[in-house]
Structures are given as structure tokens and as C-alpha cells.
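Make a model of the complete structure from these sequences and hints.
There are 2 protein chains.
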Amino acid sequence: MSTAEESGRDAIVRAARRAFTLRPYAEVTLRGIAADAGVSPSLIVKRFGSKEGLFNTVADFQPAADALFAAEPAALGRHLVLTMVRLRDELRGDPLLRVVFSLGIDDERTLLRERFREQVTARLAALLAGADPELRAELIAGQLLGLGATLSLHRPDGAGTRTRPGRLADLYAPGLQGLIDGGAGRHDPREPVSVGG
Amino acid sequence: MSTAEESGRDAIVRAARRAFTLRPYAEVTLRGIAADAGVSPSLIVKRFGSKEGLFNTVADFQPAADALFAAEPAALGRHLVLTMVRLRDELRGDPLLRVVFSLGIDDERTLLRERFREQVTARLAALLAGADPELRAELIAGQLLGLGATLSLHRPDGAGTRTRPGRLADLYAPGLQGLIDGGAGRHDPREPVSVGG
Numbered sequence: 228m229s230t231a232e233e234s235g236r237d238a239i240v241r242a243a244r245r246a247f248t249l250r251p252y253a254e255v256t257l258r259g260i261a262a263d264a265g266v267s268p269s270l271i272v273k274r275f276g277s278k279e280g281l282f283n284t285v286a287d288f289q290p291a292a293d294a295l296f297a298a299e300p301a302a303l304g305r306h307l308v309l310t311m312v313r314l315r316d317e318l319r320g321d322p323l324l325r326v327v328f329s330l331g332i333d334d335e336r337t338l339l340r341e342r343f344r345e346q347v348t349a350r351l352a353a354l355l356a357g358a359d360p361e362l363r364a365e366l367i368a369g370q371l372l373g374l375g376a377t378l379s380l381h382r383p384d385g386a387g388t389r390t391r392p393g394r395l396a397d398l399y400a401p402g403l404q405g406l407i408d409g410g411a412g413r414h415d416p417r418e419p420v421s422v423g424g
Numbered sequence: 228m229s230t231a232e233e234s235g236r237d238a239i240v241r242a243a244r245r246a247f248t249l250r251p252y253a254e255v256t257l258r259g260i261a262a263d264a265g266v267s268p269s270l271i272v273k274r275f276g277s278k279e280g281l282f283n284t285v286a287d288f289q290p291a292a293d294a295l296f297a298a299e300p301a302a303l304g305r306h307l308v309l310t311m312v313r314l315r316d317e318l319r320g321d322p323l324l325r326v327v328f329s330l331g332i333d334d335e336r337t338l339l340r341e342r343f344r345e346q347v348t349a350r351l352a353a354l355l356a357g358a359d360p361e362l363r364a365e366l367i368a369g370q371l372l373g374l375g376a377t378l379s380l381h382r383p384d385g386a387g388t389r390t391r392p393g394r395l396a397d398l399y400a401p402g403l404q405g406l407i408d409g410g411a412g413r414h415d416p417r418e419p420v421s422v423g424g
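If you read the protein sequences in the order shown, they are chains A and R.
Residues 228 to 424 in my numbering are what the first sequence spells out, letter by letter.
Residues 228 to 424 in my numbering are what the second sequence spells out, letter by letter.
It is worth saying that the hints were derived from the structure and are not from the lab.
Computed from a prediction, not measured in an experiment: that's the story for all the values here.
Built from N, CA and C at the ideal position, the CB exists for glycine as well.
Treat the hints with care, since some could be wrong.
Examples of chain A residues lying across from chain R (beta carbon under 10 Å, computed) [to be verified]:
#1 321
#2 328
#3 330
#4 370
#5 371
#6 372
#7 374
#8 375
#9 376
#10 380
#11 385
#12 386
#13 390
#14 399
#15 406
Okay, here's the thing in C-alpha cells:
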């Protein structure tokens, strides 16, 4: 794929994210997304097939979940922070936060929330040993969403923006790792910990 | 104030929150807010004076910050979780989360983010002893926003919704308290901890 094609695709996806996040599904048009992205509506049809196809691409949390959850539970807290920072950098945007934007409007896009619950929370719960895995998965998802939210809110000159990822992980991973381990929260984030408890 | 007057005021504030979160400031009208709230535009003028007055009411994080930060640092982590849950219940909505919704749109409502940074993050940083108070305040704000986000996302039948506040605090407070103490994260959340680190 050429660089121009890449950037056309990226522009469409970004415009679609904005549109589906800010407007009821029924009000979103491919023509509007095309205008926002600076491409022709026919290019969107060629690439994504339909409005539904485009929504499904934009609402898919699975690639982010694949990357975020690719670590053993004992090392997952730190991995989550470092992966989150890397994904935000690569995507020039947050991989999860659009589900929170969608809370502002009640409409069909509860579909976005259902996807999130399936692809992020339920998948995470299945990885957790110990008591209350669903509850702990919800709280871990909350801390991940909160990390992205605070980095975005305090851009461009916030302290988090100026901090190297390793230091962010030193500070933010212990809370996550405590929830992964079972909520005990007694460990040094820089050392491996045993699972469960 | 009568119960009817109370509920009229609440309806106006809720409608105004929706409007200012979802639309550019210039596009929001008192007429639209009045229609959404089921009151007359003149009632809004009588109560709030103007669109700007209403925006200032809706964009004010100070009452929430007053409640959230009313504990000694050694007990603040647990207090933050319990207060957050109580405020969400009392307000029938989240006291902070609208600043995250506002990230979906670029416009004058960066004002909302500036308020948040002043009234929540900067105030919190001033309460923290130890290294990197601004960074730790941003991460604490992130965990608070994340708690509200995940409780809202997993409504109405999520595990967090069915869990008593004390258990939520057992699980979620250690990460907050670690950031308050300086990021060490080595303590039992159910026992007092020393400040600094």
C-alpha cells in the first residue's frame, strides 16, 4: 500500500471515529465522513463497503486488546501501561477512549459499549485468577481508560506527556498489578509477583 | 425551595450538561436546553441569568473537588473511592466525567479542560508531598475518571454496579493511595499509612 493510500485510509478512519462518536448512528453519512476526510464517498465504499462496514472497523477493540493482553499475569500491569503509551503514540489517538466519549449520547451506539464489554472486559476477566474476576476486570479497564483520558486531557504540556513510559509504568502499574493479582496490592512493581492471592 | 423547583433546576442542569458536552458552545441555545428540560426559556434566564451563567454552573468542578479532597493524605485513597461512588449516586451522574466527553470535540469547550486542570489536577498536586506531584496528580485524576467511566460503561448490570462501596474501595484505593504516597504502593488499604515516601 502506498503512503498516499495509507494516509487516505487513516483519514477515513479518523473521520469515521469522530462521526460515530459524536452523532447518532442514523445521522452519520458516508458523504459527511468523506468530506471530513477529504476523500470521495466512492473511495469509502471501495475500502469499507458500507456505513455498517465502516462502523464495524471503527468499533473494533480487538487489535488493541490483542496487544494489551499479550503478557503473563505476573507482568501484565507494567505491560498494560507501556503498551497503552505505545499504541496511543502509534495511532495518534487512544485505542479505547472512544467508548467513553460514547457515554455522552444515548442511542444505537450502545453497540460500541457492548463491543468493549465483550472484547476488553470479558476477555480480561477470563485471564484473571482469584476472587471477583469480572469486578477486577471492570476496575482494570477503568484504570486503562483513565490513563488515556488523563494523558489526553493534560496535553500538550502536561507532566504525563513529558514523562518517559518507564516512569509512568513505575507509578501507574502497581494499582493495575494489584487488581490483576487479586487486589492485595502488596508488591514492588519492578519485580515479578506471584499470581492470585 | 420546593421539590418541584428542585427537580426543575436539576432538569435544566442535566440538559445543559448534555448540550454543552455534545455541541460546540456557539451552537447551544437556551431554547434547546429549555425544550430538553421541559421548562420555559424564561425560567432558565431567571435561575442562571444567561447561557454563559449556565455554562459556568455546569463547568464548575469545585464542589466535587471540595468533597473529593476532604481527607488527610494518609486516608485519601479510600476517601476518593467512597466519595466518588456517593457523588455519582447523589448526582445521578458522574461529577468529573463530562470533561472526558468533551475530548471528542475540538472547540471552545477546551475551557472545560482548563477548569478541570485548575480545579482538580493543580489543586490535587498542591496537596501531595514527595517527588513529581504534578505527574502523580494527573495519574490520580486519571484513576478517578477511570472509576467513573468503568462504572458508567458497565451499567446497569456490571459487577461494579452490584458491589458495595467498601469492597470497591478495598480493590481500587490501593493504586490511588500508592500515587498519593509517592508511587511506592506498599501498604494495606485497610490500615492507615504514613505520608510521603
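Out of the numbered hints, which ones does the structure contradict? none
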